[in-house]
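K.L.:
Below are the chains, spelled out letter by letter.
Number of protein chains: 2
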Amino acid sequence: MANMSDAIELFLHRLIEASEDNTIEIQRGEVASRFSCAPSQINYVLQTRFVPERGYYVESRRGGGGYIRITKASDSQTELLRLALAHCNQPMEQRQAGHVVTMLLKEGLITERESRLIMAVMDRQALLLELPWRDELRCHLLRAMLGTLITGEEDV
Amino acid sequence: MANMSDAIELFLHRLIEASEDNTIEIQRGEVASRFSCAPSQINYVLQTRFVPERGYYVESRRGGGGYIRITKASDSQTELLRLALAHCNQPMEQRQAGHVVTMLLKEGLITERESRLIMAVMDRQALLLELPWRDELRCHLLRAMLGTLITGEEDV
DNA sequence: GCCTATTTGACCTTAACTGACCAATGAACA
DNA sequence: TGTTCATTGGTCAGTTAAGGTCAAATAGGC
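Protein chains in written order, with the working numbering: chain C, 1 to 156; chain Y, 157 to 312.
Certain hints may be false.
Pairs of lysine to any residue, SDA-like flavour, derived with a Cα cap of 20 Å [unchecked claim]:
no.	chain 1	residue 1	chain 2	residue 2
1	Y	Lys262	Y	Thr234
2	Y	Lys228	Y	Arg269
3	Y	Lys262	Y	Leu202
4	C	Lys106	Y	Ile182
5	Y	Lys228	Y	Tyr200
6	Y	Lys262	Y	Thr204
7	Y	Lys228	Y	Glu270
8	C	Lys106	C	Leu46
9	Y	Lys262	C	Lys106
10	Y	Lys228	Y	Ile182
11	Y	Lys228	C	Arg113
12	C	Lys106	Y	Glu270
Please keep in mind that the hints were generated in silico from the structure rather than gathered at the bench.
Required output: the full structure, derived from the provided sequences and hints.
P.N.:
Okay, structure coming up:
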């Protein structure tokens, strides 16, 4: 194993592999001490490996009883969303965002309601900001939303 | 159950669920001793979970025969959406937005996926802006999204 | 040697929990 | 009729227990 990050990635992958529902909950400090590394190292691994583009969704909670939850999406639903995410890597106009959302809707990856929810936020009126910040925020928000969708249920 | 607060919340939810009229009366000290915690812990749970944004109303009375009464607003869906919009009248913190979304989810007005979609946009990271503009934008976007949900429903 | 990925540690934010002290209520009693 | 006092619940500051962020240092590959 070349480096620690790869080892931690492998460790987490195996945990997910062994889980019932492709979801695990870990304690950052616990994993860090298992690998004798700084806790922030765990964040680094999560940020570089367990990203939406690869089909992962990460949630966390601070404070007493805090945790980090990692969910892996099934391959079938991931591919198009990955493409969409890859496509949304720079400031976007409302029209471009609309194209992406329409595609996802037609492919059955999102519902009509979900598409309306997304487009409500893509609207130039709703975003309040002026150009060019508006297009940047739009891209940012769309990425955030697509990221959460990547691990949705099958019942879309 | 990771932490005590979640356990107490669950306990109270079940009590309310089992009640006739969505109202329960508890003794603070009694619940505290049941969970072997400080009485003020009960207040903490009430203040962080049973908030108006989530459709709960708490009254209490001190002295002999004192009590804490928790009432859950379980009106029509229209009423709950009205409640939600009423809470989105001014700049909102992420936590407040979270309360509203949690309520809508628990009441079945939105799906799990939709709640994640909304919360992705409520996230302080996603919004890019600094305070106080961030809280203003958050409110604006939440209103926009709730708005599309309302106009999209035939029975609202 | 340069560039990128990795690793670390100092400092920050949030959530949970506790205990000391405060405030209200009502019943016993002078 | 006050007055006292046990019985509740309320408040708040402080502590503990997580996870987050960021920049500097280091290591590895080309």
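K.L.:
Now tell me, hint by hint, if it's right for this structure.
P.N.:
Status of the hints after comparison with the structure:
no., hint, in the structure
1, Lys262/Y <-> Thr234/Y, "holds, 15 Å"
2, Lys228/Y <-> Arg269/Y, "violated, 24 Å"
3, Lys262/Y <-> Leu202/Y, "holds, 17 Å"
4, Lys106/C <-> Ile182/Y, "violated, 52 Å"
5, Lys228/Y <-> Tyr200/Y, "holds, 18 Å"
6, Lys262/Y <-> Thr204/Y, "holds, 16 Å"
7, Lys228/Y <-> Glu270/Y, "violated, 23 Å"
8, Lys106/C <-> Leu46/C, "violated, 32 Å"
9, Lys262/Y <-> Lys106/C, "violated, 29 Å"
10, Lys228/Y <-> Ile182/Y, "holds, 14 Å"
11, Lys228/Y <-> Arg113/C, "violated, 27 Å"
12, Lys106/C <-> Glu270/Y, "holds, 18 Å"
Figure legend: structure checked against the earlier numbered hints; hints not met, in rising order: 2, 4, 7, 8, 9, 11.
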